[in-house]
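J.: Can you build the whole structure from these sequences, using the hints too?
Under UniProt numbering, the first residue of the sequence shown is numbered 1, with each subsequent residue one higher.
Keep in mind that the hints were calculated from the coordinates and are not lab data. We put the CB at the ideal spot given by N, CA and C, even for glycine. One or more of the hints may lead you astray.
[As the list claims (entries may be wrong)] For each label pair, taking beta carbons as the anchor points, the in silico distance ranges come out as: (1) Val73 x Val169: 35 to 41 Å; (2) Ala99 x Ala50: 36 to 42 Å; (3) Glu230 x Glu201: 30 to 36 Å.
[Claimed, not checked] Straight-line distance between alpha carbons at most 30 Å, and here's what the computed DSBU-like set of lysine-lysine pairs gives: (4) Lys221 x Lys165; (5) Lys165 x Lys46; (6) Lys66 x Lys122; (7) Lys165 x Lys66; (8) Lys221 x Lys46; (9) Lys115 x Lys221; (10) Lys165 x Lys115; (11) Lys66 x Lys46; (12) Lys165 x Lys122; (13) Lys115 x Lys66.
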Amino acid sequence: MLSNKVILVTGGASGIGLATCEHLLLSGARVVLWDIDGGEVGAAVKNIDASGQRCHGFMVDVTNAKQVETAMVDTLAAFGALHGAFNNAGIGSATRPLADMSEADFDAVLAVDLKGVWLCMKHELLHFREHGGVIVNNASVAGLVALAGQSAYVASKHGVIGLTKTAAVEYAAVGVRINAVCPGAVRTPILEHLAQAGIDETALAGMAPMGRIGNPDEIAKAVAWLLSAESSFVTGAAMPIDGGWTAQ
Numbered sequence: 001m002l003s004n005k006v007i008l009v010t011g012g013a014s015g016i017g018l019a020t021c022e023h024l025l026l027s028g029a030r031v032v033l034w035d036i037d038g039g040e041v042g043a044a045v046k047n048i049d050a051s052g053q054r055c056h057g058f059m060v061d062v063t064n065a066k067q068v069e070t071a072m073v074d075t076l077a078a079f080g081a082l083h084g085a086f087n088n089a090g091i092g093s094a095t096r097p098l099a100d101m102s103e104a105d106f107d108a109v110l111a112v113d114l115k116g117v118w119l120c121m122k123h124e125l126l127h128f129r130e131h132g133g134v135i136v137n138n139a140s141v142a143g144l145v146a147l148a149g150q151s152a153y154v155a156s157k158h159g160v161i162g163l164t165k166t167a168a169v170e171y172a173a174v175g176v177r178i179n180a181v182c183p184g185a186v187r188t189p190i191l192e193h194l195a196q197a198g199i200d201e202t203a204l205a206g207m208a209p210m211g212r213i214g215n216p217d218e219i220a221k222a223v224a225w226l227l228s229a230e231s232s233f234v235t236g237a238a239m240p241i242d243g244g245w246t247a248q
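T.: Following this line, the structure appears as structure tokens:
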């Protein structure tokens with residue numbers, strides 16, 4: 001499905017990002033993995049690519065414009081091409097009502113979850129507008145509905161869907177497709193963060209009619225489909241992958 005395509009995955013060292021890297025490799029793609037944790041980058045690349053030939057990793061802070069610009073140059077040099085990108089890097093926040101959230105916490109979440117996506121899209125599109133390509137952004141169900149106590153996260157993810165739709169319209173004519181996935185509760189480090197903040201996993205599972213938490217590989221398969229030519233007439237979409245959560 002993605003044989004010999006070169007795909008960039010941000011936030012690729014854990015959770016949905018790592019599962020996506022693994023699935024893309026199984027689908028025949030070559031992968032460039034970005035993550036802010038250099039140690040995790042090295043471990044992830046070693047674990048998922050025994051050959052050492054089909055996956056490259058770079059330590060990148062997606063909130064830093066210069067790092068993103070430099071990493072894009074390195075990414076294009078790694079395999080000599082880039083065909084698609086999954087902008088997945090993101091962080092959660094402490095659960096508290098809007099008026100009780102600090103400005104620093106608000107800024108930190110939007111810096112990674114919204115500005116970081118914008119910066120990555122900017123540099124991906126500078127390449128794709130000349131060569132064609134596909135972008136998938138991770139928007140979460142928080143891009144579609146409210147989550148009490150998560151105002152910054154919800155604002156950032158709604159913004160990601162806005163970026164997705166706008167760029168899809170702007171770049172469709174030059175052969176670029178751009179979509180978003182909107183996962184519900186999935187077993188990832190962010191879910192662990194929410195549990196530590198007092199949000200019960202059983203309650204999260206109960207939000208979905210299917211009554212369970214999702215697995216990262218279930219999101220990875222949808223991302224791979226959106227990155228492939230199998231979804232050639234899909235652009236500007238925000239796809240819920242949430243066990244029916246947002247259908248209610």
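J.: Quickly compare the C-alpha distance for Lys66 and Lys122 to 30 Å and report which way the hint goes.
T.: Holds - the C-alpha atoms of Lys122 and Lys66 are around 12 Å apart, at most 30 Å.
J.: Keeping to a limit of 30 Å between CA atoms, is the pair of Lys165 and Lys46 held or broken?
T.: Measuring from Cα to Cα gives roughly 35 Å; hence the hint is violated.
J.: Go ahead and decide if the range 35 to 41 Å is satisfied by the Cβ distance of Val73 to Val169.
T.: For Val73 and Val169 the Cβ distance comes to about 28 Å; the hint is violated.
J.: Given the hint that Lys221 pairs with Lys46, test it: the Cα-Cα distance must not exceed 30 Å.
T.: holds, 22 Å
J.: Take a look at whether the Cβ-Cβ distance between Glu230 and Glu201 falls inside 30 to 36 Å.
T.: At roughly 33 Å between Cβ atoms, Glu201 and Glu230 fall inside 30 to 36 Å, so the hint holds.
J.: State, for the Cβ atoms of Ala99 and Ala50, whether the hinted interval 36 to 42 Å holds or is violated.
T.: Violated, at about 51 Å.
J.: With the threshold set at 30 Å, check whether the alpha-carbon distance from Lys115 to Lys66 stays at or below it.
T.: holds, 13 Å
J.: If you draw a straight line from the CA of Lys165 to the CA of Lys66, is it 30 Å or shorter?
T.: Answer holds: Lys165 to Lys66 is near 26 Å, not above 30 Å.
J.: With the threshold set at 30 Å, check whether the alpha-carbon distance from Lys221 to Lys165 stays at or below it.
T.: Since the Cα atoms of Lys221 and Lys165 sit roughly 22 Å apart, the hinted pair holds (cutoff 30 Å).
J.: Is it true that the CA of Lys66 sits at most 30 Å from the CA of Lys46?
T.: holds, 27 Å
J.: Check whether the Cα positions of Lys115 and Lys221 lie no farther apart than 30 Å.
T.: Distance of about 26 Å is within 30 Å: holds.
J.: Can you confirm whether the C-alpha distance between Lys165 and Lys115 stays at or below 30 Å?
T.: Roughly 16 Å between the alpha carbons, so the hint for Lys165 and Lys115 holds.
This entry does not satisfy hints 1, 2 and 5, going by the numbered hints stated previously.
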